[in-house]
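Dock chain B against chain A, hints included.
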Amino acid sequence: MTEHTTRPTPLPTQRPTPFDPPVELARLRGEDPVSRLAYPDGHTGWLVTGHAQVRQVLADPRFSTRNEIRHDPSPGTDVTAPPRPAPRGMFLSHDPPEHTRYRRLLTGQFTVRRMRRLTARVEEITEEHLDRMEHQGPPLDLVEAYASPVPALVIGELLGVPEGDVDRFQRTVAAVSRVDSSREDKMAAFVAMQDFLKRLVDDKRAEPTDDLLGGLVAGGELEEDELTNIAFLLLGAGLDTTANMIGLGAFHLLTHPEQAEALRDEPDSGPRVVEELLRYLSIVPHTLRTALEDLELGGHRIRAGETVTVSIAAADRDPKVFPEPNTVDPHRSAGGHLAFGHGIHQCLGQQLARVEMRVALPALLTRFPTLRMAVPESEVPTREDMAIYGVHRLPVTWGSGSG
Amino acid sequence: MRVRVDRTVCVGAGMCVLTAPEVFDQDPEDGRVVLSEPVPPPALRTRVEQAADVCPSGAITITD
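Read top to bottom, the protein sequences are chains A and B.
Final position of the first sequence in the working numbering is 424; the numbers increase by one with none missing.
Final position of the second sequence in the working numbering is 188; the numbers increase by one with none missing.
Okay, chain A solo, but in the shape it has when bound (with noise of 0.2 Å):
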């Protein structure tokens, strides 16, 4: 076992093309899956880009996600700010026994079953976004024309928001989740959702409604902030995250046309095609844990107190699992990598994920056959600023015209 094998490094950023992470992960992988990294608050600790490490460590109860103990690596982080305890319901970052408690209150209402159910409801909101976009006419931006909006309108719909107060909460969630904002800006936007999440509660309470949020309040165990955060948590989880797959990977189809080609002529192979993006995508790159106790991992002593950023996108591109792990190929077995995470913390929300996905991605190549986009490849502005990867926009166009 070794103490310290190498110097530590930053967090490696540098995306080579859009798709692809930055490609000193995968010389990090080859050298050792687990490296010593340099936070920007001047703590060392440790970054993993094995798959059988990422999965290691995800499954061990000996990290915790707590966030006051952890160290957050992104160079723009603010090492002024001390990271505060995540409040009641936001059990993302809560451990067991308290994690367990809220996710047992919710796993009921994110089944497989119950996310299918959900598909012709999916299939409507698609089409109307679509209608919607055939008469606007090209060009347009297919981020607000329909990769934001969709999931939104979902997400929001099964846990009860309004529909008329969607917009309203989706510029919110974007002002909160921007990595670059003030903290004035962030905390300002930070309250405003949770008004705007206090008062649908409320709403709630005084007239129960037949949807997720409306059967947490009726059913008594929780407190009035706990039903805020679980609100918060489910909402800025839903939205963001499938937005982006759905903006990103049409971006990946659009300037690879032989798989768009493929999608629209073998609908049956949409499933596997929404597995390996998530796969190759894998948008959001790194979570983080924190060791609660001494401990071995990868032939490293690890200590109690250090931050282990582990490299989601590193470890679904990783040979020994995914062979010609840099090419998209939707007939390989996608199954087993690691783009909704691993562990008791793995995403509640990824059987929804895959039904908006998989019917968004081919609805919108179908409809719009000759769909291709608008500006250069380069032109187009990706998300390497934010917790969450993706696009800002993605201008589209169709028809004969040049657009």
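Calculated directly from the structure, the hints in this document are not laboratory data.
Computed from a predicted model, the values in this text were never measured in an experiment.
Cβ coordinates follow ideal geometry from the N, Cα and C atoms, glycine included.
Among the hints, erroneous ones may be present.
Said to hold, decoys possible - For the chain B half of the interface with chain A, some residues (derived, Cβ under 7 Å), not all of them:
| # | residue |
| --- | --- |
| 1 | V135 |
| 2 | G136 |
| 3 | A137 |
| 4 | G138 |
| 5 | L142 |
| 6 | Q150 |
| 7 | E153 |
| 8 | D154 |
| 9 | G155 |
| 10 | T170 |
| 11 | Q174 |
| 12 | V178 |
For chain B alone, coordinates are given in the frame of chain A:
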């Protein structure tokens, strides 16, 4: 092949149902795993093994 599930560690992610729906189901109330086929036919072995492998909480064990 005999399959066992541990509902106390299950986190209801649904990966088993997605991978081997003939063998695994989810309780509609709490979303946790329900074993519908404790002794699956040999033809399902590969997918049952995959389900055990991708289970995020290690709730599935296979004994021969």
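For each hint, the structure was consulted:
no., hint, in the structure
1, V135, "holds (5 Å)"
2, G136, "holds (3 Å)"
3, A137, "holds (5 Å)"
4, G138, "holds (4 Å)"
5, L142, "holds (6 Å)"
6, Q150, "holds (4 Å)"
7, E153, "holds (5 Å)"
8, D154, "holds (5 Å)"
9, G155, "holds (3 Å)"
10, T170, "violated (10 Å)"
11, Q174, "holds (6 Å)"
12, V178, "holds (6 Å)"
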